[in-house]
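Q: One-letter residues, chain by chain:
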Amino acid sequence: MTERKPTPGSLREATREVVVKNPLGIHARPAALLVRAASGFRSDITLEKNGQSVSAKSIMGVMSLAGYPGSKMLVRARGPDAEKAVEAVAELFEKRFHE
Amino acid sequence: MTPLVQDLMGPRAADLNLRVAWGEEVLDRPIPEPAVNRPGLALTGFYRYFAHRRVQICGLAEMNYLKTLDASTRAERWRKLFEAGIPCLILARNLRVPAELLAAAQARRTPVLRTALQTSRLAQVAARVLDDLSAPMLRVQGTTVDLHGIGVLMEGPPGIGKSEIALGLISRGCSLVADDVTELRRIHNGLIATSVDVTRYHMEIRGIGILHVPSLFGVASVRREKRLDMVVRLVPGHRADIGSRIGVEPETIEILGVAIPRVTVPIAPGRDATLVIRAAALDFRLRQLGHDAVKELDEHIIESLTRGAGRVHD
Numbered sequence: 001m002t003e004r005k006p007t008p009g010s011l012r013e014a015t016r017e018v019v020v021k022n023p024l025g026i027h028a029r030p031a032a033l034l035v036r037a038a039s040g041f042r043s044d045i046t047l048e049k050n051g052q053s054v055s056a057k058s059i060m061g062v063m064s065l066a067g068y069p070g071s072k073m074l075v076r077a078r079g080p081d082a083e084k085a086v087e088a089v090a091e092l093f094e095k096r097f098h099e
Numbered sequence: 001m002t003p004l005v006q007d008l009m010g011p012r013a014a015d016l017n018l019r020v021a022w023g024e025e026v027l028d029r030p031i032p033e034p035a036v037n038r039p040g041l042a043l044t045g046f047y048r049y050f051a052h053r054r055v056q057i058c059g060l061a062e063m064n065y066l067k068t069l070d071a072s073t074r075a076e077r078w079r080k081l082f083e084a085g086i087p088c089l090i091l092a093r094n095l096r097v098p099a100e101l102l103a104a105a106q107a108r109r110t111p112v113l114r115t116a117l118q119t120s121r122l123a124q125v126a127a128r129v130l131d132d133l134s135a136p137m138l139r140v141q142g143t144t145v146d147l148h149g150i151g152v153l154m155e156g157p158p159g160i161g162k163s164e165i166a167l168g169l170i171s172r173g174c175s176l177v178a179d180d181v182t183e184l185r186r187i188h189n190g191l192i193a194t195s196v197d198v199t200r201y202h203m204e205i206r207g208i209g210i211l212h213v214p215s216l217f218g219v220a221s222v223r224r225e226k227r228l229d230m231v232v233r234l235v236p237g238h239r240a241d242i243g244s245r246i247g248v249e250p251e252t253i254e255i256l257g258v259a260i261p262r263v264t265v266p267i268a269p270g271r272d273a274t275l276v277i278r279a280a281a282l283d284f285r286l287r288q289l290g291h292d293a294v295k296e297l298d299e300h301i302i303e304s305l306t307r308g309a310g311r312v313h314d
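Going line by line, the protein sequences match chains Z and E. Quick note on numbering: the working numbering labels position 77 of the first sequence as 77, and the sequence is numbered without any gaps. Quick note on numbering: the working numbering labels position 106 of the second sequence as 106, and the sequence is numbered without any gaps.
It should be emphasised that the hints constitute simulated quantities derived from the structure, not laboratory data. Each hint should be verified, as a subset may be incorrect.
Here are the computed distance ranges between Cβ atoms for each label pair [said to hold, decoys possible]:
(1) Z:Ser39 to E:Pro269: 41 to 49 Å
(2) Z:Leu11 to E:Gln124: 48 to 56 Å
(3) Z:Leu11 to E:Ser120: 53 to 61 Å
(4) Z:Ser39 to E:Val198: 16 to 24 Å
(5) E:Asp28 to Z:Glu17: 49 to 57 Å
(6) Z:Arg96 to E:His291: 23 to 31 Å
(7) Z:Arg96 to E:Glu24: 33 to 41 Å
According to the in silico footprint, chain Z covers these stretches of chain E (three or more CB under 8 Å from chain Z) [stated by the list, open to error]:
(8) 97-109
(9) 196-202
As the structure is a computational prediction, the values presented were derived from the model and not from experiment. Cβ coordinates follow ideal geometry from the N, Cα and C atoms, glycine included.
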């Protein structure tokens with residue numbers, strides 16, 4: 001489930017663990033979908049895998065994560081719409097990037 | 001980072017030009033001490049202080065020495081060498097793998113590699129490759145360009161225009177090192193910037209998509225890695241509080257324990273940031289050469305003020 005951690009002021013943080021479920025992993029098209037979804041939020045959104053953290057709003061960043069099928073990552077959002085952002089990103093993983 | 005034997009066969013170890021003589025399946029052995037050792041002394045039977053955690057290198061000297069021994073002693077020496085738990089053994093000059101060596105390696109499931117390099121050359125190259133493979137590494141969000149020989153990492157929030165500025169610099173003759181994700185590793189007292197393998201030589205420009213830079217701008221428009229000289233921090237232009245207006249105090253940031261000069265450049269709509277970044281990098285180079293524009297201008301101003309003051313008192 002999404003963890004909520006209220007931080008001082010309006011800065012909220014939410015995280016959720018996701019699994020890459022689509023057969024080809026995060027190649028260019030899923031990366032583009034993910035970045036487009038993430039860019040619609042004001043929060044800073046990152047994807048973390050194996051100690052590497054990249055911005056979910058950067059297509060080069062997302063592709064560099066090597067999200068092969070079955071790999072796990074952590075979605076983290078910080079900002080006023082953190083919960084919604086994590087929700088939207090996690091949904092894409094859940095729906096296998098419509099593949 | 002602890003390198004594995006298989007990293008000695010990877011792209012960053014291409015200069016070693018190694019081939020596997022035995023142990024294709026056991027190449028995932030770690031190299032606990034990323035350095036090389038010539039096991040001549042151990043092969044004479046003196047195993048105390050044997051640097052068994054290092055990559056072992058044998059050449060003509062070791063092989064010719066062993067030929068002076070009888071077969072059973074030879075087998076015994078190889079056996080003891082491998083029993084110490086060495087990560088792997090490399091033979092120089094494409095030397096043939098003697099049967100006793102092969103048996104000892106197989107018994108301890110330790111890879112044996114070969115190269116055409118001469119032993120001393122092999123030792124040098126292997127030491128450099130191991131340094132490189134074991135260097136501390138950090139992945140940062142930022143675009144790196146080689147700006148007329150100056151390695152510049154641009155960092156800033158998504159959408160501020162790092163890639164667009166890089167594109168502008170590339171079309172003015174600079175080369176792209178990494179777009180948006182830069183991998184830094186510490187070698188000696190400096191940082192080397194490179195891109196992540198999967199996205200190398202590509203960049204993303206909003207509204208256009210992903211570009212293959214050398215296809216559009218030629219092979220000179222990219223380079224695989226570059227020593228990092230400075231960081232340019234891009235901030236939204238409305239933050240007027242940021243940055244000095246005359247540029248006197250050089251700021252540095254620490255990355256992997258290395259201090260790197262950093263300048264902060266506010267980006268406002270309509271400002272040709274490409275030119276600003278280029279000027280910032282060239283000014284940095286000028287300072288390195290011993291010219292400090294601000295200091296020289298200030299001295300000039302002070303001198304003319306002093307002269308002016310003198311005139312008033314006359």
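Q: Run every hint past the structure and note whether it holds.
A: Results for each hint:
no.	hint	in the structure
1	Z:Ser39 to E:Pro269: 41 to 49 Å	18 Å, violated
2	Z:Leu11 to E:Gln124: 48 to 56 Å	52 Å, holds
3	Z:Leu11 to E:Ser120: 53 to 61 Å	59 Å, holds
4	Z:Ser39 to E:Val198: 16 to 24 Å	21 Å, holds
5	E:Asp28 to Z:Glu17: 49 to 57 Å	27 Å, violated
6	Z:Arg96 to E:His291: 23 to 31 Å	58 Å, violated
7	Z:Arg96 to E:Glu24: 33 to 41 Å	36 Å, holds
8	97-109	violated (count 0)
9	196-202	holds (count 4)
Comparing the model with each earlier hint shows violations of hints 1, 5, 6, 8; every other hint is respected.
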